[in-house]
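Using the hints, put the two chains back together into the complex; each one sits in its own frame.
Chains as they are written, first to last, in our numbering: chain A, 1 to 118; chain B, 119 to 926.
No wet-lab data here; the hints were simulated from the structure.
Please note: incorrect hints may appear among the correct ones.
[Unchecked claim] Simulated restraints on C-beta separations: (1) B:Arg923 with A:Phe18: 23 to 31 Å; (2) B:Phe239 with A:Ile112: 51 to 59 Å; (3) B:Ala814 with A:Phe18: 47 to 55 Å.
[Stated by the list, open to error] Below, computed lysine to aspartate or glutamate pairings styled on EDC-like, alpha-carbon distance capped at 20 Å: (4) B:Lys672 with B:Asp867; (5) B:Lys123 with A:Glu67; (6) A:Lys63 with B:Asp867; (7) B:Lys832 with A:Asp37.
Here the structure is a predicted model, which means the values were calculated and not measured.
Ideal Cβ placement from N, Cα and C applies to all residues, glycine included.
Below are the chains, spelled out letter by letter.
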Amino acid sequence: MINILVPLVIVFILQLIFYSWWWIILVPLVLGFFEKDSALKASAGTGLGVFLLWFGMAIYQWKNGGEIIVTRIAEVMGIGSGFVLALATGLVGFLVALVAGYAGFSLRKVLIKEYQIS
Amino acid sequence: MRLFKTILAFAVLLILFNLLNDSQGSIPPLGKFLNPFAGFWQNGEKLDQIDEVLDVKGLRDEVKVVWDERHVPHIFAENTYDVYFAQGFLTARHRLWQMEFQTHVAAGRVSEIIGEKALEFDRMQRRRGLLMAAETTIQRMGEDPETHLIIQAYANGVNTWIESLTPATLPLEYKLLNYEPEVWSTLKTALLLKFMAWDLTGRNSEMDMSIIQATLGEDFVNTFYPENTPRTEPVIPAAKPWRFEAMEPDSIPPAFVPQFVQDLRKGEPDEDNGSNNWAVSGDKTASGYPMLANDPHLGLKLPSIWYEVQLKAPDMNVYGVSMPGAPAVIVGFNKDVAWGVTNAGSDVMDWFEIEFKDDSYTEYLYMDEWIKSDLRVEEIFIRGGDTVLDSFAITRFGPLVYFGENTLENGHPTGLAMRWSAHDPSNEMMAVRNMNLATDRETFYAAIEAFESPGQNFAMIARDGDIAIRHNGKYPLRGRDQGKFVRAGRDTLGEWQDWIPYEQLPAISNPWSGYVSSANQNPVGKKYPYYMGWDYDDYERGSRINDRLGDLTKIKFGDMQDLHMDNFNKQAELMLPFLLKQIDLETLSGDMDVILNDLHSWNYVSDPHEKAAWVYKQWWVRLEKAIWNDELNIFGEIRKIPTRSVTARLLLKKSRLVYYDDINTPEQEGRAEIINRAFKQTIMELTDELGPYGEAWELGRARGTDINHLLSVKGLGRTGLYTGGGQGIVNATKKNHGPSWRMLVELGDRPTAKGIFPGGQSGNPGSPYYDNAVNNWVTGKYYDIHFLDSTDIDLNSKLSLTRLRNYQ
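The shape of chain B in the complex, shown without the other chains (with noise of 0.2 Å):
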């Protein structure tokens, strides 16, 4: 009996070993995570909690650090190595957690962290080439002795924060999942930045475009896809003359039906991922001073995508945001300059059906010949798993990311492989670093050329008074329309053939209308003589703040910040009268009426309270979903809509249109019948969705936005946010989605700057400066940006001063 006890005890107690110590399904090790000397408990953080000096093991000298009062560092350093030491250092301090999972999901090393579940969302990121594009391209910076010195100096700082942690001082994620972090590399910093280029850059439509050609014809995808979309201002004007000798691209190929169908849209990056920026010259401002105005609208998450730094050494002085994992500022500015980024939405990713001999696809057919493809054999590791070996081969036309069951009718097996920009080799670190370095535009525009995956409008202001923006980046020599479809990848036809010369892409300074701008828009008029893409953002941000910029005179600051939180919806004001005109008051019923009602006194203002903004919103959606649905729905997906302004001239134009109809009826509907039964539907659904009309229909209620953490985890985000703005509107806020840093910046004397961005400086959900600014961001409120030139601080300031001590 005794020894029966003693073996259920042990028994007992070894299950509750296991169940505490191991992570059951998504529930952390409770023995682990509860200790408190080592758990969350350990991960709170005070106000005050500021060290007066640290020891710091692989300075060159001491660095001082004056934290203000928002924790953003300000960081004093005596040479080039140890401003990026103590940058990289100070942020994994902050943000180690955060910079490491987005390489694991960059690399596709997520199954590691989370088991088998994540295995096909690693499969595709190697696939699609992140890894191999970082390899080559950390390979490229190692070339450059600075690039190597900065990013080395950065890896250097975060590990020497990673070796002092503690299992009690390691950042609550690591708690929650049950792992730990490992040595940070420069590769790290690469797989960043090639992630960048994936979000601004990774979205496609050609394969929607080649069967909706193939479907419904030539004619279809002229008409409702075209390259300059109705009202488009684009960012360079159109009248500008272009006064140089462009480049013939050699062919323009056939059409070409894909037989390898395969929804590429699959796990692309959002839609809006965009942006706004302008700047404006001395001569439309108060102070006579240029400013720069910028916000990058991004999926909102916590812990944030910016972490906010001050960088000060011998031949530097630079301001503004970095992304947590890469040395130096991305967007900012310092003495001299300031600039600001907008996705360029230009088209550099291509898909070619590969032909191959057989299903071991090491050789394709190009020229007639069957040609070597290189396989490449990626290691999935898996936790608790046995590891996946998954093989794709490398073609001239980049990674084959799709294969499988598909041959084509000779029997050969197909699949489609990705030409990409960011696969080749390039030294983005260089371009930024040059650009903290810039005196004025002539520096800056040198520094941007390398700056060559993503592609982004850079709008800049300069001390001198020069503003400016530039399309940048590197653009694939195309015939029209030839990236707009799969094509065929045998030959040269539709293959890239060169670049689009530097010097010869889109920019403009010092117009005569005081200032640049851009929103996502089409870079360039019908005029310039390259095709770069056609699938760029709508017209109607870019033409409010155009509209915008030229009344104002005399601009201050808070000008600037109304315009980013302008929330004037061009589109409603389109559309919504002609829409009104259309609805048959007799067939209203319940509250329709009243919501009618407050729809024709609605000012197109979508701020959070208007009821009416929601409406307008999802009545559109249904609208567009009643023209396109049917027709797009082919090979049982929708395909590919016509943009907003494509869909919004028809309805305008056309009071008969085949495509009115709903082809799944027997009837035949027409343009009133649609946008009456929109309507109605639109008033059921939100009934049913959020009750009777009133408050829960506010735009800041039924919408609003959550910003979520990283991880999904409730509790860790913050949700429920009330706020207006949306889709085609200057405030681009939607559910999960918006301004990520909303920065201004005026280059006088000394410069002086304001900005945002919706969370704080800490990635630690147990500190007090994890989310201290959302609340703020939400209603418009900007901080002042302390630009310091020294660490002599008035000690009675909110500023306070961390010595980092070199010891060896």
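Isolated chain A, as found in the complex (with noise of 0.2 Å):
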């Protein structure tokens, strides 16, 4: 639970300040880098994290003043609905956040493997 959690406040207390949009893809880096258990908990913590904060923020946008932008969106992507652009926000948020953080804790063992070679 707890690595669903932290990416998903830390990224969302960044975005809230700073907006831009790889955020998801620096923290889950720097996450994975320092998750030393499991390539599992390394990625899919991080992409279901940001998967819920994307997929959460979307909603929430949605339906607090942004019905009509949703559904023009939707209309102008070829989507059906806004439920299913919320639904893509947060995938596309997943997918990132996944790799992002399975590439981090990648280099970390290659780092430390060669570190104790040397």
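Pasting the structure below:
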């Protein structure tokens, strides 16, 4: 659970202040790097955390004055509904964070191995 | 293995980053765009989203803004600077992307946003000299301290808004196209004004007319392309005597056959960019007060062309529509005067073939001497590509817009230069400012003298009872037909010699008829001593408006509204009975009998449910093609065909005519034959397109109206609107074009007014105010306009207040 909540909270705070989308790469990358136990925790944990954040935030925006824009963009993108659009948003976040989390975890393993050999 | 997996993971991550961080073709950068903290999810707006207090850096005093139920800002300022600053600030708040994008279009800078595919467009915009003209204009505006103050105040307001933006609050289109706004400058306002001039005066048929004259002869041109078209009732009644001594142009240039052939009509503005306006005196109204109506017809887009606003400062209280990107009110009213505009249509753009010494284009032949041209170098930045340098010559006949492979028989390079009045320095902003301040006809006329380009028919009413119309603008003094053809730019013959004196321009006030009107038709009859052009709009709208205004008495707003929405098709009234008589009933098949019956019983009113209206329109178009598209197919292009009224006169009067025959068939076609053939062709083609004769053939469905987004992004426009009207009809609504602002004003003790435009105040597709007026516009409803005297508002009303607090 903590593996999901930590990326969710950190990315949420950073994005509230600094907006940029690539926090969902950077944060999972760093968190993945410091995850010692399993690749699954590093990748799926950050992936799910970001998924919940992006999906949840999208739903929040949609239901708080975003009805018109969401309907329009759903039409622009040929997507059936606002819910599907929010789901797609969450899935993009999930995919990116999943790969980033794994990449961070994997990098640490390589560096540690190199260090141990030398 | 571990290393390989790591590299693979980073490679995938890099690919994902690139895919999501950059636009992929027309797909926006999805990482940025879908980001719920800064992407499109942040562009939603609620109905009640109004701030009570806003801290605004740069104001001199506090400004109060009353918002009405349609989100029109009524700006109350303590000084002139603040009123325009606030206008810029609030317009940018609603329309920033639109106003900036339009200036990029005007300046030929679209490639900076969408890349190389816009290069040719940008190149043409530069060569037409829009940027050059804006630079000249801004210099002229700068010479007048008051104009300088208002355009600078407006720019400062826009920039204050831009500075307040965050990645989340950036307008949607920046996110779609992945770029950011730049600093607003006064040059951008000048660019918008020049773009408006281009949109309204940029059509020209000189090349076609030269080619037609060279191929089919002078008689053909004189007969079928006359200066005074049949049935036209000029803006200024033809009987009006002109009591002044007119200037005489020096010479009539000789006929000339251009050797540089170029399709000048490519990329030109819509042929129906025009409008209706009329004013009626108190003698004809129920209230006894004068009334004014206006509806400018333009390409319909979202965000809307106009931005509604009230501006109140110590010396001014004016209401109307503004152009997003320019300060003040362009069409509107104050307590003393109200005005509306229609496009003048007089010719202010001529083309000259220039002979150059060599392909450096630095010297051209003029009065038997080689004289130096200026070279202008334009830098066109291309997104994702190398900057392109484009240079072209500037001659005394204007910029050399077209040049290239062609050489003259003597081997010298040649090209076409464009002489356009909008290239000359002018200060329309000063005119608009003074119009907003005008108190009667005299002060209004004094104001519009500076509105040199684009030429407009200004109809106005004054509270003291005056009504008037003036064919206003700066028009060159020319010999008859001088601007009708491409001319040789090698001597003074054909060159613009002088300007028609302002006080001799066509105008009339308080005529005995009790009304004045215009609908882009020829402003004058044959008695007027100056040549102003020939390619005006046909007679139908003007004539219908005059018919109705002549008949109406005790006029109320409802009558004016009905006239704005009038769908009577005068052209059909003239031609349909005649055409129907020519139909050979023996040869009809399928649904043709039923359709013919509907045409017989049609009352010529092009309401949206009328199937006959669309059938007739299509029939007429095919008939025109049958008559003209063979002879006028010259050098692989269909050249300009004669106006509807000229073709109608021929059909009615000439049973035999060589042009009825299709020169591409061995048979000899006659009038009845082409009429029958066009009818059958129409029915067959419409059946193919729309299916069996039924609901789908209704005008509102078969044509209807689409108001697309400026970028033509599907989903951001309003399409399939059930509209009537059409070309040559007072309600000039077409597929993508029509009345862009309908306004009615009565000037009594207090002005009362109604208005509507097809869109809304906001340019944000996520706002309820983006397209809230579209449905009412379609059905012809209007909104009551609130002309406020103060900010003392009833808080129970639908009005709300924002204080723009000055902070440093």
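Could you work out which of the previously given hints the structure breaks and list their numbers from low to high? Of the numbered hints given earlier, those the structure breaks are 5, 6 and 7, listed in rising order.
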